[in-house]
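Residue numbers (the working numbering), protein chains in the order written: chain A, 1 to 191; chain B, 1 to 191.
By construction, these hints were calculated from the structure, which means they are not laboratory data.
Watch out, some of these pointers could steer you wrong.
What the hints assert, rightly or not - Listed below are the simulated DSSO-like cross-link pairs for lysine-lysine, each with C-alpha atoms no more than 30 Å apart in a straight line: (1) A:Lys53 - B:Lys95; (2) A:Lys95 - B:Lys53; (3) B:Lys95 - B:Lys53; (4) A:Lys53 - A:Lys95.
2 protein chains.
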Amino acid sequence: MARSRLTPERESELYATVIDLLGEVGYDGLTMDAIAARTRSSKATLYRQWGSKPELVAQSLRHHKPVRIAEIDTGTLRGDFHEMIRRSDDCRMEKDSAMMRGLAHAVSENPELLQAMRALLIEPEMTGLDLLLRRAVARGEVDAGNPALGLVPHMMIGALVARPLIEDLPVDQAYLTTYVDAVVLPALGAP
Amino acid sequence: MARSRLTPERESELYATVIDLLGEVGYDGLTMDAIAARTRSSKATLYRQWGSKPELVAQSLRHHKPVRIAEIDTGTLRGDFHEMIRRSDDCRMEKDSAMMRGLAHAVSENPELLQAMRALLIEPEMTGLDLLLRRAVARGEVDAGNPALGLVPHMMIGALVARPLIEDLPVDQAYLTTYVDAVVLPALGAP
Numbered sequence: 001m002a003r004s005r006l007t008p009e010r011e012s013e014l015y016a017t018v019i020d021l022l023g024e025v026g027y028d029g030l031t032m033d034a035i036a037a038r039t040r041s042s043k044a045t046l047y048r049q050w051g052s053k054p055e056l057v058a059q060s061l062r063h064h065k066p067v068r069i070a071e072i073d074t075g076t077l078r079g080d081f082h083e084m085i086r087r088s089d090d091c092r093m094e095k096d097s098a099m100m101r102g103l104a105h106a107v108s109e110n111p112e113l114l115q116a117m118r119a120l121l122i123e124p125e126m127t128g129l130d131l132l133l134r135r136a137v138a139r140g141e142v143d144a145g146n147p148a149l150g151l152v153p154h155m156m157i158g159a160l161v162a163r164p165l166i167e168d169l170p171v172d173q174a175y176l177t178t179y180v181d182a183v184v185l186p187a188l189g190a191p
Numbered sequence: 001m002a003r004s005r006l007t008p009e010r011e012s013e014l015y016a017t018v019i020d021l022l023g024e025v026g027y028d029g030l031t032m033d034a035i036a037a038r039t040r041s042s043k044a045t046l047y048r049q050w051g052s053k054p055e056l057v058a059q060s061l062r063h064h065k066p067v068r069i070a071e072i073d074t075g076t077l078r079g080d081f082h083e084m085i086r087r088s089d090d091c092r093m094e095k096d097s098a099m100m101r102g103l104a105h106a107v108s109e110n111p112e113l114l115q116a117m118r119a120l121l122i123e124p125e126m127t128g129l130d131l132l133l134r135r136a137v138a139r140g141e142v143d144a145g146n147p148a149l150g151l152v153p154h155m156m157i158g159a160l161v162a163r164p165l166i167e168d169l170p171v172d173q174a175y176l177t178t179y180v181d182a183v184v185l186p187a188l189g190a191p
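Build out the structure end to end from the sequences listed, making use of the hints.
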């Protein structure tokens, strides 16, 4: 018997909806019912195709591809960071910030979800950042022994998470550019 | 008719339990039932004394006094930061980090809770940090126009939130000291 599978377009739409809902209601508040209602699909389809909420969330994260950092190569570290920010539109950054806050607690309770988030979201970003930083070291812009080299993801997560908490303002390109210029590059001793 | 009020000791215990539970189950998962059960008090007492969950959480945050940063004055910015970290024991920092992750999403949905968290937790820390930074500027350790001066809380929140997400390790004194020396002081151009 043929099983009704979603088309790739419908699947993309569904993943995007999961990311939106994650930002709106958080992981605990995210229900299969709400996903089914907003995407106008049946819960049976969701369970048949993804098995469970953690798996569906993990797949949505995987689909929610971050900006491909590794492709960026402007010739300077400052240029690379600015290009990375330029490629992320403001709306997308706000969603990422909301999604990260939505997941912040859930991942500490769900080892599988933390694993998925780390494998799908954090590690590719870190690999991309790492490549970008290694090129800066090779060009002599950053000292190979600089202890801030391993802390760039921490600084960037701080930028994303802290802005709405402290200033009640969304993360946008202007703010992130200021943050990179004022914090990340000076910590790295980069021009 | 005399109403049974909690003793200050019982009240402190209760606030500490709320902070613990917040780190364990997150804001959405925190129920008045669970608080009543763990503190062996009646739900009626909780509602009579605090009215609602957001108010009880806000009061618990208020009671959960951060290290009094403003009192610290070692004569150098590096010394002040190190002293600040020395006064926060590892267990406390892990709890703060868990609590922050537990609240991260909830505050974006509850303007009152965000208000409370900002007034009780973020603003005193920022005032304390600000004092410490202004003294460093007065001593000539940091340039008054350094754009990183306004971003120190963002860097510190990044340090607290990112460590468990990225490395699956708790925040501790050694890590925070490394972070301050490698990121915060260089961004400020401080010795």
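**Asked** Quick one, are Lys53 of chain A and Lys95 of chain A close enough, alpha carbons at most 30 Å?
**Response** holds (20 Å)
**30 Å Cα cutoff - pair Lys95 of chain B, Lys53 of chain B** = Holds. Lys95 of chain B to Lys53 of chain B sits at ~20 Å (cutoff 30 Å).
**Asked** Are Lys53 of chain A and Lys95 of chain B close enough, with their CA atoms no more than 30 Å apart?
**Response** Since the Cα atoms of Lys53 of chain A and Lys95 of chain B sit roughly 28 Å apart, the hinted pair holds (cutoff 30 Å).
**Message:** Hinted pair, alpha-carbon criterion (30 Å max): Lys95 of chain A, Lys53 of chain B. Please report holds or violated.
**Reply:** holds (27 Å)
Violated hints are absent here; each numbered hint is respected by the structure.
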